[in-house]
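K.L.:
One letter stands for each residue in the lines below.
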Amino acid sequence: DAGVIQSPRHEVTEMGQEVTLRCKPISGHNSLFWYRQTMMRGLELLIYFNNNVPIDDSGMPEDRFSAKMPNASFSTLKIQPSEPRDSAVYFCASSLTVGRYGVNTGELFFGEGSRLTVL
Amino acid sequence: ILNVEQSPQSLHVQEGDSTNFTCSFPSSNFYALHWYRWETAKSPEALFVMTLNGDEKKKGRISATLNTKEGYSYLYIKGSQPEDSATYLCARSGTGANNLFFGTGTRLTVIP
Numbered sequence: 001d002a003g004v005i006q007s008p009r010h011e012v013t014e015m016g017q018e019v020t021l022r023c024k025p026i027s028g029h030n031s032l033f034w035y036r037q038t039m040m041r042g043l044e045l046l047i048y049f050n051n052n053v054p055i056d057d058s059g060m061p062e063d064r065f066s067a068k069m070p071n072a073s074f075s076t077l078k079i080q081p082s083e084p085r086d087s088a089v090y091f092c093a094s095s096l097t098v099g100r101y102g103v104n105t106g107e108l109f110f111g112e113g114s115r116l117t118v119l
Numbered sequence: 120i121l122n123v124e125q126s127p128q129s130l131h132v133q134e135g136d137s138t139n140f141t142c143s144f145p146s147s148n149f150y151a152l153h154w155y156r157w158e159t160a161k162s163p164e165a166l167f168v169m170t171l172n173g174d175e176k177k178k179g180r181i182s183a184t185l186n187t188k189e190g191y192s193y194l195y196i197k198g199s200q201p202e203d204s205a206t207y208l209c210a211r212s213g214t215g216a217n218n219l220f221f222g223t224g225t226r227l228t229v230i231p
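Residue numbers (this note's numbering), protein chains in the order written: chain A, 1 to 119; chain B, 120 to 231.
So here's chain A without its partners, still in its complex pose:
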């Protein structure tokens, strides 16, 4: 089985440019998460989707960040305009939500991450 696939693996861009990160979750998983890894905060949840619907985007830093999930097999995280402080590794993860009340007791499967550097 293919795991969670993220692209690009590495992106170097200049401040002010638009950045789009892509994620293909594991087939059959119904929850998708975007995390950002920084030295200061570790793994920081940005947004998650359940059945393609954004459930909680309270972790999105500001309006420059947006995420979409047009179908069950694809999600994007967009930063426009990008700033140097956005430099980080962005992880996508998917899971199968199996618990009561739809709470996640399924383990997360992570992609390999997209390392973003904004100059």
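Don't read these hints as lab results, they were simulated from the structure.
The model shown is predicted, which means the values in this text are computed figures rather than measured ones.
Using N, Cα and C, we set each Cβ at its ideal position, and we do this for glycine too.
Watch out, some of these pointers could steer you wrong.
Simulated restraints on C-beta separations [unchecked claim]: (1) B/E134 to A/E62: 33 to 39 Å; (2) A/M40 to B/K177: 29 to 35 Å; (3) B/S147 to A/M40: 22 to 28 Å; (4) B/K177 to A/P81: 46 to 52 Å.
Assemble chain B onto chain A, guided by the hints.
P.N.:
Frame of chain A; chain B shown alone:
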């Protein structure tokens, strides 16, 4: 925000030693506690998911316990090996919340 705290931040042990570290979390509205292992240059991989107070899980030399009443979980590694060197993350979800909030991890280095 569900504050998940892990200690220690980093740990060096000799090969063959046993070790353990702690994850503490708010006990109210608790639903599940996850442990992940994260090797350098790779992505986190799940070790355990626990939901019930008193849960104990084991995978080889690694085991974990859960106390939901007081809000902590321990991860134990018996007879540490160099390949156990990694960052160990815990994450908590609460009732009504499908998201997982991660601690900042314990970075383990096993010295041959």
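K.L.:
Against the structure, test the hints numbered earlier, and report the numbers of the ones violated in rising order.
P.N.:
1
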